[in-house]
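Trainee: First to last, the protein sequences are chains X and S. For the first sequence, my numbering gives the first residue as 4, with consecutive numbering after it. For the second sequence, my numbering gives the first residue as 4, with consecutive numbering after it.
A hint or two may mislead.
Note: identical chains are not told apart, hence a pair may lie in one copy or across any two.
What the hints assert, rightly or not - 30 Å max Cα-Cα, derived BS3-like pairs, lysine-lysine:
1. K388 with K346
2. K316 with K30
3. K150 with K37
4. K360 with K37
5. K139 with K387
6. K381 with K350
7. K273 with K139
8. K152 with K137
9. K254 with K65
10. K139 with K252
11. K174 with K30
12. K387 with K280
13. K231 with K65
14. K177 with K30
15. K316 with K346
16. K82 with K233
17. K171 with K321
Keep in mind that the hints were calculated from the coordinates and are not lab data.
There are 2 protein chains.
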Amino acid sequence: MISVEEAKNSILNTTQNFGVEEIPFIKSVGRILKEDIVADRDFPPFNRVSMDGIAIDFNAFKNGQRAFKIEGIQPAGSKQITLQNSENCIEVMTGAVLPKNANSVIRYEDVEIENGIANIQIDKVNDFQNIHTKGKDRKQGDVLIHKNKLISAAEIGVLATVGKSIVKVAKQPKVMIISTGDELVGVDETPLEYQIRRSNVFTLVSLLERLNIPSETAHITDDKPVLKQKIAAYLQEYDVLLFSGAVSKGKFDFLPEVFEELQVQKLFHKITQRPGKPFFYGKTDTSNVFGFPGNPISTFVNCLVYFYSWYYKSVGLKVEEETAILTEDVAFKPNLTYFLQVKLSDKFGHLLASPIKGNGSGDLASLVNADAFIQLPKGETEFKKGENFPVIRYS
Amino acid sequence: MISVEEAKNSILNTTQNFGVEEIPFIKSVGRILKEDIVADRDFPPFNRVSMDGIAIDFNAFKNGQRAFKIEGIQPAGSKQITLQNSENCIEVMTGAVLPKNANSVIRYEDVEIENGIANIQIDKVNDFQNIHTKGKDRKQGDVLIHKNKLISAAEIGVLATVGKSIVKVAKQPKVMIISTGDELVGVDETPLEYQIRRSNVFTLVSLLERLNIPSETAHITDDKPVLKQKIAAYLQEYDVLLFSGAVSKGKFDFLPEVFEELQVQKLFHKITQRPGKPFFYGKTDTSNVFGFPGNPISTFVNCLVYFYSWYYKSVGLKVEEETAILTEDVAFKPNLTYFLQVKLSDKFGHLLASPIKGNGSGDLASLVNADAFIQLPKGETEFKKGENFPVIRYS
Chain X
4 MISVEEAKNS ILNTTQNFGV EEIPFIKSVG RILKEDIVAD RDFPPFNRVS
54 MDGIAIDFNA FKNGQRAFKI EGIQPAGSKQ ITLQNSENCI EVMTGAVLPK
104 NANSVIRYED VEIENGIANI QIDKVNDFQN IHTKGKDRKQ GDVLIHKNKL
154 ISAAEIGVLA TVGKSIVKVA KQPKVMIIST GDELVGVDET PLEYQIRRSN
204 VFTLVSLLER LNIPSETAHI TDDKPVLKQK IAAYLQEYDV LLFSGAVSKG
254 KFDFLPEVFE ELQVQKLFHK ITQRPGKPFF YGKTDTSNVF GFPGNPISTF
304 VNCLVYFYSW YYKSVGLKVE EETAILTEDV AFKPNLTYFL QVKLSDKFGH
354 LLASPIKGNG SGDLASLVNA DAFIQLPKGE TEFKKGENFP VIRYS
Chain S
4 MISVEEAKNS ILNTTQNFGV EEIPFIKSVG RILKEDIVAD RDFPPFNRVS
54 MDGIAIDFNA FKNGQRAFKI EGIQPAGSKQ ITLQNSENCI EVMTGAVLPK
104 NANSVIRYED VEIENGIANI QIDKVNDFQN IHTKGKDRKQ GDVLIHKNKL
154 ISAAEIGVLA TVGKSIVKVA KQPKVMIIST GDELVGVDET PLEYQIRRSN
204 VFTLVSLLER LNIPSETAHI TDDKPVLKQK IAAYLQEYDV LLFSGAVSKG
254 KFDFLPEVFE ELQVQKLFHK ITQRPGKPFF YGKTDTSNVF GFPGNPISTF
304 VNCLVYFYSW YYKSVGLKVE EETAILTEDV AFKPNLTYFL QVKLSDKFGH
354 LLASPIKGNG SGDLASLVNA DAFIQLPKGE TEFKKGENFP VIRYS
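Please build the complete structure, drawing on both the sequences and the hints.
Mentor: As structure tokens, this is what we get:
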């Protein structure tokens with residue numbers, strides 16, 4: 004038995020590199036960027052009008068002129084025109100290029116226009132006001148998004164702006180999720196009295212979907228030769244195998260033996276934690292094997308704590324640790340790290356964690372009433388209201 | 004001009020009901036549940052063995068017996084067998100039905116087995132230990148998930164368990180996202196000096212994807228008859244139209260006029276906020292029209308603040324407000340609600356918001372360096388380090 008920290012280290016020392024692929028930028032939300040995104044030109048790319056109004060030569064205003072004959076119009080998306088006479092003005096639209104020889108924009112709200120003459124109604128005007136000058140935000144060649152960033156809506160806008168219609172992202176692992184256990188029947192079936200429906204594989208599919216990882220699922224009966232043959236094939240084909248069940252001490256818990264016979268290198272089996280103690284982790288040269296215990300909450304918490312961490316490091320994503328504050332005293336006697344189900348809430352910028360009572364690792368429905376786990380360290384038995392602990396969110 | 008609060012009220016008073024649809028449960032992550040999910044039987048559905056080991060009649064142990072002949076084996080997924088002789092035992096596996104006449108399970112760790120006899124190595128045994136009794140977690144008919152819950156991985160597990168292979172969820176709105184502005188070219192094109200690439204529509208597509216709303220996009224040139232004809236058709240076909248640009252005072256900002264001519268009821272136009280002031284909102288009998296200002300940050304923040312709120316209420320989802328604590332003093336003079344870009348971080352369970360300097364509403368790239376906005380109220384000009392404000396996360 005090893006500690007949670009040792010288990011995490013072991014897992015983080017055996018990450019994989021799935022490589023890089025190029026995909027359409029609009030499909031890249033939730034993926035990890037694998038190239039620096041550089042400004043293809045200055046932003047803004049020209050002296051950009053930022054208010055609808057008139058553009059003038061500021062010197063004319065400074066010299067006391069207040070009435071400007073409208074010489075022309077500069078819409079957004081049109082070639083730059085020139086203010087021919089410095090005592091005239093040009094009507095300009097937000098997003099337009101500032102006309103040549105103009106250097107100040109006065110918004111329509113501060114102007115009265117009559118008979119083709121714009122009369123300025125304010126006394127204070129600055130040069131280059133309401134002009135977003137070329138290159139003010141970013142210079143051509145500046146890195147706008149650094150490699151290894153998780154792509155969200157903000158990044159999509161930048162990718163579009165610089166013309167990155169195809170973008171390099173981390174390839175996702177190829178994952179097979181396998182349930183075992185002869186007591187399991189399909190979701191569409193009506194279980195006999197001693198059977199239950201498969202659920203952990205679907206929970207795992209959904210937890211991987213949160214990471215934008217597509218996955219496949221299979222069910223194998225508790226028959227050792229069948230298990231061995233199928234798993235041998237999966238180890239060849241997939242980067243990751245996630246199992247739920249058959250890793251404990253039962254007579255039909257064949258997985259540890261099968262893994263050994265298939266030369267899966269065992270990194271550890273069993274962690275001093277609750278729930279999720281009999282977790283098996285191993286690897287081959289090409290595949291990583293996560294053998295989660297079959298209880299629903301055990302599978303759930305181990306996927307979040309171990310598979311998620313392994314995946315983040317594999318694709319190069321740094322994730323900040325978050326903590327939450329206990330709202331009541333909690334006692335936990337066993338010398339184990341305790342992953343406690345909590346409901347999170349906000350109070351004046353403090354993240355509060357209220358314990359949710361469940362009936363142990365089999366009580367899947369209790370997960371629905373919570374939205375996170377907090378990690379209470381091994382070696383202590385009393386956890387006080389007001390103390391803060393690492394939090395693992397899941398909804 | 005109306006306040007942010009008035010604008011929000013107006014929007015929340017004009018939500019739509021898109022109806023309900025039935026979809027496969029495994030596709031329902033991120034959707035809003037529209038039925039109560041009820042336990043189809045007790046959970047566990049039988050007295051369930053929760054440790055691998057042997058099952059005995061507790062009375063025999065109480066009477067001093069320590070050696071039990073193994074009479075049979077009860078695997079998970081097999082019909083319940085009967086302990087024929089109360090001085091014998093049955094080997095039982097986690098997940099199995101407790102054999103008839105047995106009422107205590109002793110785990111393998113506490114037993115030595117030799118020649119078909121299990122010798123108990125511990126002195127303390129309780130009746131019903133290591134047995135998860137029928138109905139302990141939930142009773143048949145209990146509501147496991149209430150209507151209007153956002154479905155995540157935990158709910159998927161419960162849906163599978165109760166056999167809900169098809170589930171009722173809120174239908175998503177049919178959304179069209181429209182850009183206008185003759186300065187815009189496609190992402191794949193190389194813009195001329197006075198042009199820029201379309202980006203806001205893609206940002207909006209991604210922001211809607213976060214809500215699992217598929218959307219379509221279109222671009223219309225700044226030509227009033229064309230705008231009118233196309234928008235008339237979209238108003239018929241879509242529940243929601245999202246526009247970016249052409250709602251301000253420019254000579255080619257035709258949208259407000261077009262909306263009026265198409266009998267879109269204007270709820271408001273312009274909010275006392277920065278960025279995102281010239282936001283137009285209106286409706287017809289069948290469609291809601293969000294006219295976001297064309298600056299990237301204006302479109303972004305208005306989608307998060309207004310469209311998101313409108314959508315959540317439309318589908319019946321309650322979202323808790325969250326707040327964060329300013330890490331430095333901020334001064335903001337205009338009498339406007341200020342949506343300040345911030346980077347969030349955690350310190351001992353406190354959510355800290357550090358302001359990110361951008362160059363105003365056109366500086367899309369600055370969104371990448373932040374991950375949220377905080378909402379600083381109108382009417383104040385000094386916001387102090389340590390004060391907390393509502394936060395709107397986006398990544």
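Trainee: Tell me, which hint numbers fail for this structure?
Mentor: 13
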